[in-house]
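Student: Single-letter residue listing:
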Amino acid sequence: MSENNGSNRFPSPFNVPTPEGCEGWQDLYPYYYVFSDDRREFEDNRFWFQDSMHHPEPLYPFDTITCESWWVALGEMNTRVFIVPPALGIDHRVLNGYLYISALPVPNPDDIPGRVAHFMERAGYYYRHWDELYAQWQAKAEEAINELKSVRVPDLPEMEPIETVTQGRGLTSAYDLIVAYNRAIENMHKMWHLHFEFLNLGYAAYLTFYGFCKQAFPGISDQTIAKLVSGIDVILFRPDEELKRLAHKAIELGVADVFKQTVNPTEVVSTMSASEAGGQWLQELEKSKDPWFYFSTGTGFYHLPRSWVDDLTVPTVAIRGYVEKIQEGKSIARPMEAVQQERDRLAAEYEALLQTDEDKKAFREQLGLARTVFPYVENHNFYVEHWHHTVFWNKMREFGKVLVDHGFFNEVDDMFYLHRYEVQSALYDMIGAWGSGGEARGPKYWPSRIAKRKEIFAKLKKWSPPPGLGEPPEVVTEPFTIMLWGITTESIQNWLKPAGNVGDTKQLTGFAGSPGTAQGPARVITSVEDLALVETGEILVCPITTPSWAPVFTRIQAVVTDIGGMMSHAAIVCREYGVPAVVGTGFGTKSFKTGQILRVDGNAGTVQVAE
Amino acid sequence: MNNSPYILWFTECDRSKQNSVGGKCANLGEMLQANVRVPPGFAITTHAYRQFLSARGTSNEIARMLDELDVDDIECAEETSRAIRQLMSETPIPPAVEDAICYAYEELCAECQVADLPVAVRSSATAEDLPGASFAGQQETTLWVRSASHVLIRTAICWSSLFTTRAIAYRKQMGFPHDKVHMSVGIQKMANSRAAGVMFTLNPINGDRSKIAIDSSWGLGESVVSGVVTPDNYLVDKVTEGILQRKLSPKLIEYIPNHAEGRVEIVDVPQERQTTSSLNDDEIINLTILAKCIEGYYRVPMDIEWGIDRDLPFPESVMLLQCRPETVWSSKPPTRVIEHSGTALDYVIANMLKGVRVK
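Those protein sequence lines, which keep their order, are chains A and B. In this text, residue positions in the first sequence follow my numbering: the first is 2, and each later residue adds one. In this text, residue positions in the second sequence follow my numbering: the first is 819, and each later residue adds one.
Some hints here could point you the wrong way.
Beta-carbon label-pair distances, calculated as ranges [unchecked claim]:
{"#": "1", "chain 1": "A", "residue 1": "E350", "chain 2": "B", "residue 2": "N837", "range": "32 to 42 Å"}
{"#": "2", "chain 1": "A", "residue 1": "T19", "chain 2": "B", "residue 2": "L1171", "range": "39 to 49 Å"}
{"#": "3", "chain 1": "B", "residue 1": "N1051", "chain 2": "A", "residue 2": "E359", "range": "51 to 61 Å"}
{"#": "4", "chain 1": "B", "residue 1": "T1094", "chain 2": "A", "residue 2": "T537", "range": "31 to 41 Å"}
{"#": "5", "chain 1": "B", "residue 1": "P1131", "chain 2": "A", "residue 2": "Q341", "range": "53 to 63 Å"}
{"#": "6", "chain 1": "B", "residue 1": "N1051", "chain 2": "A", "residue 2": "G22", "range": "33 to 43 Å"}
{"#": "7", "chain 1": "B", "residue 1": "A1168", "chain 2": "A", "residue 2": "E350", "range": "49 to 59 Å"}
{"#": "8", "chain 1": "B", "residue 1": "D1100", "chain 2": "A", "residue 2": "E350", "range": "30 to 40 Å"}
{"#": "9", "chain 1": "B", "residue 1": "L1066", "chain 2": "A", "residue 2": "E343", "range": "44 to 54 Å"}
Quick caveat, the hints were computed from the structure, so don't treat them as lab data. Ideal Cβ placement from N, Cα and C applies to all residues, glycine included.
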């Protein structure tokens, strides 16, 4: 980006070179998902930014299914369902493996007034019937998850079972396999439609209240506004509550000492199963698992990292921490009543500061709407990205297993180096050979290609994507862009400044995500596997945190993230845990190094090197 | 003491005694009753003032001189002002008043266990603190006064400050009869401030009542009040008591007492302290709580002078020095957030159409 220093433009997507050895990376993605000369005029005239909040790493070809699903679903809800007056959807392109996104405005501003009438009718209906529609949504979401769970992935037997004949079925395992795959893929698309059914409207209502507060009480902190609105009984905290319950149970059953010997999940389980009390504890563990351990240690957008239910390391480490706290006589309960009282006090006092009855009424109404929409905003994430996606990725692994068995792949997770269309082709290759008794091409075709793709992928992972492409617009009206990605004048200006060498930066600015100040040694973590390295008293510096990292929050002093807005999950969780946080610093993981002493000011949104 | 005492201790002052002790001392009394920390002291009442003026017929003489005055003639006004103040300075304080003041001062010294206790002598006129009738600039303050005889001299100067040219012209302009404004004088133990300043229970820049705005500098608060330094500025959220903004400025000079010479002097601030924050977070939050308490008591936005006493441990060191209702924003019509009231959905649409400017 050196040629762009001092300019207000990011490089054109057509001028970004391919990293060495990554030639042909485009073959990993569908034709419509990459920049091309065919649409150059359109693509070159837009501002694109790298969605490092959800997709900080290059996209596995298969995993583009989550991006593609939200690309379609978010856009439709804005553009075709609710007719958001000034904004269409968010467009996607992949460059050197990284996802870039661009908010699309309504092309002709004269159309906006006409759109307002439609929005009032359509969004108005949802706002008025929010509670009943949301109850209906929860049922729909659970039904979709159950549908996915019920998808059976058959193996291809040497000979079909006799029932195929005796029941006159006329259909085969190969047919079932293709149907199962298609159903699972359709189910993913369905879930992402549900994801966005309420979210755009929820964010819009929140942003309205946010704008009112910023105007009425200039300088009021983002976290105070969030506190006024945030739900008390939030599903997002439930998995952690289950860990606390299991810690109490372990003490109650007299098996807590197991955690003093080991936090290795396999050892914990085998030690527990050796005693009767331990067996009882394991039963309690099983009760918590479904659905609360369907909780990704990442964002859920990728097949990696895995969820709690797949790898119990995060839960066992956290339970040990809670056991220690309980034994030290400390309370680990969420101070629900205090949180509730504080929320009510804040609302009453701010309202009293308004000087006219009209303003007080507007404050109450906007706060009311924001609180109505907020449970959805906070909870949808558990249903979709965690619960559903944990099931989804594991279901996909079942297909991968069949393909391994038929010699297409060396290992199950090779599947994720194929796009979903390619998997479908491979399945056809396989059933064709199975049915005809001929030879599939896949076992000769895929392993070498997958090996090549792994090489390219490893190199793409090392490449630093520019945060933006093209020229930034003057005004952003798309609710997500503002709320979730926190795109503001400052963040864009920050991005335009090139990152210095690691260790050179003395100060970074971001959003004041959670109040308080702290000083301590940095622990820079770029993937969840490194979470185990985090030591007590350190300051966690990471690209983004996810709710399932919460248990580690009891050990650390503060959190600094590269990406995240006022409502990013890191900010929500940190506020709840009382851990100071600065989110959306842009370059935290690239600027600081492990061991550097950092001073984090969660009130001001700054991070400084203390030496 | 009879029904109209010459002296009232701050602990005896409240709003009902405003005619006797003026707005400033009445406020200090109110604050003491609200359990706010205020340096101890007493008010020399307007009764003492009237006694001083009537004992030798001085008030009649003043009335005659003011009757002849044409305020639009500046030279004439200045001449009259000078003559009145000359007359007052030549008039001896009646012995009974003098005794009462000296006795009270000695009692204050005894209470603070300091001989020749340094005190601030401040005017507290009966009209000066009324909202909308600010007599700002006409108040007379002398710092670090020690000994009863100096207190007497400074008291007389305070009394005569009611007749500066500006005070006379101002009353005329505002339509206050001259003989209806009386002067009480507050005698208050000097806070030996390490840092001091002024705070408002609103943001003086935009009138936002959800903030406490604190201006602070090193030494006694006079450097902030008189504007000779650019103070540190802190903005605090009134509801959450969270510090939202800290703007530090180079504070080049400070007012500090010169104990040897018994006066306040202006000295250069050593370089290492110039750009360091004059308040720490605990002090800022403590001041915020103080400001909220005072505003809660008066139920109007307040303008507050405070100091952090270097001789006392925190939090006892945080002192209210004086307070008065804020006048600038309080006299304006209330600001409105919304222009057209509507349903929540109307607001959502209006907000969407606005968007966020990113360049």
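Student: Look at each hint and say if it fits the structure.
Tutor: Right, here's what the structure says about each hint:
{"no.": "1", "hint": "E350(A) - N837(B): 32 to 42 Å", "result": "holds, 36 Å"}
{"no.": "2", "hint": "T19(A) - L1171(B): 39 to 49 Å", "result": "holds, 41 Å"}
{"no.": "3", "hint": "N1051(B) - E359(A): 51 to 61 Å", "result": "violated, 32 Å"}
{"no.": "4", "hint": "T1094(B) - T537(A): 31 to 41 Å", "result": "holds, 32 Å"}
{"no.": "5", "hint": "P1131(B) - Q341(A): 53 to 63 Å", "result": "violated, 36 Å"}
{"no.": "6", "hint": "N1051(B) - G22(A): 33 to 43 Å", "result": "violated, 55 Å"}
{"no.": "7", "hint": "A1168(B) - E350(A): 49 to 59 Å", "result": "violated, 26 Å"}
{"no.": "8", "hint": "D1100(B) - E350(A): 30 to 40 Å", "result": "violated, 22 Å"}
{"no.": "9", "hint": "L1066(B) - E343(A): 44 to 54 Å", "result": "violated, 30 Å"}
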